[in-house]
Amino acid sequence: MTSESFSEAVAGRLIVSCQAGEGHPLRDTGAIVRMARAAVGGGAAAIRCGGVGGVPDVAGVAAAVDVPVVGLTKDGKDGVFITPTVEAARAVAAAGAHVVAADATFRPRPDGRPLAASIEAVHDAGALFMADVSSLEEGVAAAEAGADAIATTLAGYTDPGPPPDGPDVDLVRALRAALPDALLVAEGRYHSPAAAASAIEAGATCVVVGTAITDPQWITSRFAAAVSAP
1 MTSESFSEAV AGRLIVSCQA GEGHPLRDTG AIVRMARAAV GGGAAAIRCG
51 GVGGVPDVAG VAAAVDVPVV GLTKDGKDGV FITPTVEAAR AVAAAGAHVV
101 AADATFRPRP DGRPLAASIE AVHDAGALFM ADVSSLEEGV AAAEAGADAI
151 ATTLAGYTDP GPPPDGPDVD LVRALRAALP DALLVAEGRY HSPAAAASAI
201 EAGATCVVVG TAITDPQWIT SRFAAAVSAP
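Under UniProt numbering, read the sequence shown as residues 1 to 230, first letter to last.
These are calculated hints, taken from the structure and not from any lab test.
Treat the hints with caution; some may be incorrect.
Claimed, not checked - Okay, the calculated beta carbon distance ranges per label pair:
hint, residue 1, residue 2, range
1, Asp78, Gly166, 22 to 30 angstroms
2, Pro110, Gly21, 17 to 25 angstroms
3, Ala116, Met1, 16 to 24 angstroms
4, Ser5, Thr220, 36 to 44 angstroms
5, Ser5, Arg173, 21 to 29 angstroms
6, Ser228, Ala94, 46 to 54 angstroms
7, Ala125, Pro216, 29 to 37 angstroms
8, Glu22, Glu201, 32 to 40 angstroms
9, Ser5, Glu201, 18 to 26 angstroms
10, Phe106, Gly76, 13 to 21 angstroms
11, Ala116, Ile219, 35 to 43 angstroms
12, Ala31, Pro193, 22 to 30 angstroms
13, Ala225, Glu137, 34 to 42 angstroms
As the list claims (entries may be wrong) - Here are the simulated EDC-like cross-link-like pairs (lysine to aspartate or glutamate), alpha carbons at most 16 angstroms apart as the crow flies:
hint, residue 1, residue 2
14, Lys74, Asp111
15, Lys74, Glu22
16, Lys74, Glu87
17, Lys77, Glu22
18, Lys77, Asp159
It should be emphasised that the depicted structure is a prediction, and the values quoted were computed from it without experimental measurement.
The beta carbon of each residue, even a glycine, is placed where N, CA and C say it ideally should be.
Working from the sequences, and respecting the hints, build out all of it.
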């Protein structure tokens, strides 16, 4: 898959993130695969998967759907943990991901290698690289390093304290202004159709939604809280 064909596949459309953490009732590769198939049936242009489920989830989803797969691994919860090393990036590509997503923040990487090394490894494996960033500066640097797509995945998650409730649409606008030709992916706390639409209006090529679509526990808790509110 080329960056042009990936862009054509997702432009103006939705990518659904199908993941479940340790201890979640859906933490099973079979469940993730069925979730991905359901998302595609509902109109998802691509699937983002892996995370805690890692390579098995990526391989399972890639074999089950006919849309592009954005794969990743997660190692821990602190610092750089999204596809944090060159070897992790290679493994995700080998599992069948068309696009490998990885932390592209300025924080030190566990293997001590620069971001460019992961980008090169992914390209050598015949896949594309999606840079998960938290700031304008990181997005620009990732693009200059050769990333094929820039995603706002980590906006609000690298500073001390809890992340804000809503998405960082301002970062989408800033990245589009700085990178007018980039494949720009809005991701992070897009919890409603209106929020997702606002990202497209702000200049995103496409939007990733995960929790608000694929986590029944989170969705149920929102309804339960609303019903029980005085």
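Consistency of the hints with the structure:
1. Taking 22 to 30 angstroms as the suggested C-beta distance range, the pair Asp78 and Gly166 conforms, at roughly 24 angstroms.
2. At roughly 20 angstroms, the beta-carbon separation of Pro110 and Gly21 lies within the given 17 to 25 angstroms, and the hint holds.
3. One distance hint, 16 to 24 angstroms for the beta-carbon pair Ala116 and Met1, holds here, with the actual separation near 21 angstroms.
4. Between Ser5 and Thr220 the beta carbons are some 38 angstroms apart, a value that agrees with the proposed interval 36 to 44 angstroms.
5. Distance hint check for Ser5 and Arg173: the Cβ-Cβ separation is about 26 angstroms, which falls inside the suggested range of 21 to 29 angstroms.
6. Checked against the given bound of 46 to 54 angstroms, the beta carbons of Ser228 and Ala94, roughly 47 angstroms apart, stay inside it.
7. Separated by about 34 angstroms at the C-beta atoms, Ala125 and Pro216 satisfy the suggested range of 29 to 37 angstroms.
8. Range check, Glu22 to Glu201: Cβ separation about 36 angstroms, and the 32 to 40 angstroms hint holds.
9. Between Ser5 and Glu201, the C-beta spacing of about 25 angstroms keeps the proposed range 18 to 26 angstroms intact.
10. In this structure the supplied range 13 to 21 angstroms holds for Phe106 paired with Gly76, their Cβ-Cβ distance being about 18 angstroms.
11. Remark: the range hint 35 to 43 angstroms for Ala116 to Ile219 is upheld by a beta-carbon distance near 39 angstroms.
12. Checked against the hint of 22 to 30 angstroms, the pair Ala31 and Pro193 passes, with Cβ atoms roughly 24 angstroms apart.
13. Range check, Ala225 to Glu137: Cβ separation about 37 angstroms, and the 34 to 42 angstroms hint holds.
14. For the given pair, Lys74 sits about 14 angstroms from Asp111 by alpha-carbon distance, which is consistent with the 16 angstroms threshold.
15. Proposed proximity of Lys74 and Glu22 is supported: the alpha carbons are some 11 angstroms apart, at most 16 angstroms.
16. A C-alpha spacing of about 13 angstroms is found between Lys74 and Glu87, which places the hinted pair at or below 16 angstroms, so the restraint holds.
17. Of the supplied pair hints, the one linking Lys77 and Glu22 holds, its CA atoms being roughly 11 angstroms apart against a limit of 16 angstroms.
18. Restraint check: the Cα-Cα separation between Lys77 and Asp159 comes to about 14 angstroms, which is no more than 16 angstroms; the hinted pair holds.
In summary, this structure violates none of the numbered hints.
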